[in-house]
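Chain by chain, the residues:
2 protein chains.
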Amino acid sequence: MKKKEVLVLEDLLGSNKKIASEIRNKLKERGILTINFLSSPGAGKTSLLEKIARRLKPQYKMSVIEGDIETERDADRIRAQGIPAWQITTGGACHLEAKMVGKILSQIPSDSDFLFIENVGNLVCPASYDLGESIRCVLLSTPEGDDKPKKYPKAFSTSQCLIITKSDLSSTLPFDFDRAQKEAQSINPQLHTFITSAEKEKGVEELANFFLSSLKNLRKKNA
Amino acid sequence: MKKKEVLVLEDLLGSNKKIASEIRNKLKERGILTINFLSSPGAGKTSLLEKIARRLKPQYKMSVIEGDIETERDADRIRAQGIPAWQITTGGACHLEAKMVGKILSQIPSDSDFLFIENVGNLVCPASYDLGESIRCVLLSTPEGDDKPKKYPKAFSTSQCLIITKSDLSSTLPFDFDRAQKEAQSINPQLHTFITSAEKEKGVEELANFFLSSLKNLRKKNA
Chain A
5 MKKKEVLVLE DLLGSNKKIA SEIRNKLKER GILTINFLSS PGAGKTSLLE
55 KIARRLKPQY KMSVIEGDIE TERDADRIRA QGIPAWQITT GGACHLEAKM
105 VGKILSQIPS DSDFLFIENV GNLVCPASYD LGESIRCVLL STPEGDDKPK
155 KYPKAFSTSQ CLIITKSDLS STLPFDFDRA QKEAQSINPQ LHTFITSAEK
205 EKGVEELANF FLSSLKNLRK KNA
Chain B
5 MKKKEVLVLE DLLGSNKKIA SEIRNKLKER GILTINFLSS PGAGKTSLLE
55 KIARRLKPQY KMSVIEGDIE TERDADRIRA QGIPAWQITT GGACHLEAKM
105 VGKILSQIPS DSDFLFIENV GNLVCPASYD LGESIRCVLL STPEGDDKPK
155 KYPKAFSTSQ CLIITKSDLS STLPFDFDRA QKEAQSINPQ LHTFITSAEK
205 EKGVEELANF FLSSLKNLRK KNA
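First to last, the sequence lines map onto chains A and B.
Just remember that the working numbering sits 4 ahead of the position in the first sequence, which is counted from 1.
Just remember that the working numbering sits 4 ahead of the position in the second sequence, which is counted from 1.
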């Protein structure tokens, strides 16, 4: 990378960090737990969100921001459950940035308990952009393979939570859960790991409980 | 994007295009068919390459460039088949650039028939960077879902070839081959489509034949 490019990138990341920090403070003050979902395309972010929503919805209020290059498809899937969703189409950009989230912030209902952000499907670039979330989750689907953490380390090193998805497919795949988890933990020993299948509703309760206890902690600190 | 960022990006893409064009001319003159594989992480680029290699190797000479953020894993898999492979680790960058390929060019054996380039696993950024290839192939694995072409249109609009991978998994998945193909063709009517399973060795022969006839065409033009 040339010096000029490096300077522009540093400038961009610095300004993103500042905006993200402001967003995080505002959302925390409002008692909203914000969760940023990162993964490759098709790892099952929206399907998992649908299942988590069904579990949390009777008692808790959710809002969802969907990031995609094009189409409103994911936001439409979430809205079909009666959950307010905002679609950000980046028109080519490979990740969400804090300022995009910032523009929507005033529209998020103030009685929301959770704000889920589904990032653009990409295991690389979104890892460099803090969106003001309290929890970052990286999703790894079993068909992608257990060798991905070391190949895409930043998504794993910057997350608090690893969600292995599509566990129901593993019987026909050479996916070693132990290897994937060990490799991810070697990059980031603090990772909370969940093994899930949206299709079979496995692991969804444990994950929802993790988000609920994180929400309680956030509100305890506010009190 | 700010004006300064746009200018730097335009500068970068312009210089990449120029280098890519020089690489394409050099490789064509040497009678080498260059194929750039683009896909999400874990769509099966390396597994498919291994199977294609087994089919082409008895008669044809291949060289492979592997792109990854970190690790030499993919190059090691290719080398295990006795095929010369160069690993480019970008150390964070989300795509290969023509200049990275240019640095390796002089090492590619001059009697190679094929140069395969496996890009960084990312369905977004690599689509914007011409590497000097003759054929660009976008791979879409069945677990990713049939709704991806319109969500990630540039990878499909800039490719000549769509390879649907992991077709053996489709019986347990809600993947509609017809929908995926129609959506991809609506973006790019010129796409040659192949349905493959590296696991079951399906569609590999058809794909290898497509590369072989493309090689013949390239050499006919040279003659």
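Certain hints may be false.
If several chains are the same, the list does not tell them apart, and a pair holds so long as it fits within one copy or across any two.
[Claimed, not checked] Cut-off 20 Å, straight-line C-alpha distance, at most; resulting in silico cross-link-like pairs (SDA-like, lysine to any residue):
1) Lys158 to Glu76
2) Lys154 to Glu187
3) Lys206 to Ile108
4) Lys224 to Asp172
5) Lys103 to Val208
6) Lys22 to Ala84
7) Lys21 to Ser217
8) Lys22 to Met104
9) Lys30 to Ile191
10) Lys7 to Ala227
11) Lys7 to Gln85
12) Lys220 to Pro88
13) Lys30 to Lys224
These are calculated hints, taken from the structure and not from any lab test.
Here is what the structure says about each hint:
In this assembly of identical chains, the alpha carbons of Lys158 and Glu76 lie at most 20 Å apart only when taken from different copies (17 Å versus 28 Å within one copy). Taking the shortest alpha-carbon separations for Lys154 and Glu187, only the intra-copy value of 7 Å comes in at or below 20 Å, while the best inter-copy value is 33 Å. Within a single copy, Lys206 and Ile108 get their C-alpha atoms no closer than 32 Å, and across copies no closer than 47 Å, so neither meets the 20 Å cut-off. Taking the shortest alpha-carbon separations for Lys224 and Asp172, neither the intra-copy value of 37 Å nor the inter-copy value of 50 Å comes in at or below 20 Å.
Proximity of Lys103 to Val208 under the C-alpha cut-off of 20 Å is found in neither arrangement, the shortest distances being 31 Å within a copy and 45 Å between copies. Taking identical chains as interchangeable, the C-alpha atoms of Lys22 and Ala84 are never at most 20 Å apart, the minima being 34 Å within one chain and 47 Å between chains. For the identical chains of this complex, Lys21 and Ser217 are neighbours neither inside a copy (26 Å) nor across copies (51 Å), given an alpha-carbon limit of 20 Å. For a Cα distance limit of 20 Å, the shortest separation of Lys22 from Met104 inside one copy, 13 Å, qualifies, whereas the shortest one across copies, 33 Å, does not.
For the homomeric pair Lys30 and Ile191, neither the shortest alpha-carbon distance inside one copy (30 Å) nor that between copies (41 Å) is at most 20 Å. Taking the closest pair of Cα atoms, Lys7 and Ala227 never come within 20 Å of each other, the shortest separation being 47 Å inside a single copy and 44 Å across copies. In the homo-oligomer, the alpha carbons of Lys7 and Gln85 never lie at most 20 Å apart, since the shortest distance is 48 Å inside one protomer and 40 Å across protomers. For the identical chains of this complex, Lys220 and Pro88 are neighbours neither inside a copy (22 Å) nor across copies (55 Å), given an alpha-carbon limit of 20 Å.
Taking the closest pair of Cα atoms, Lys30 and Lys224 come within 20 Å of each other only inside a single copy of the chain (16 Å); across copies the shortest separation is 65 Å, beyond that limit.
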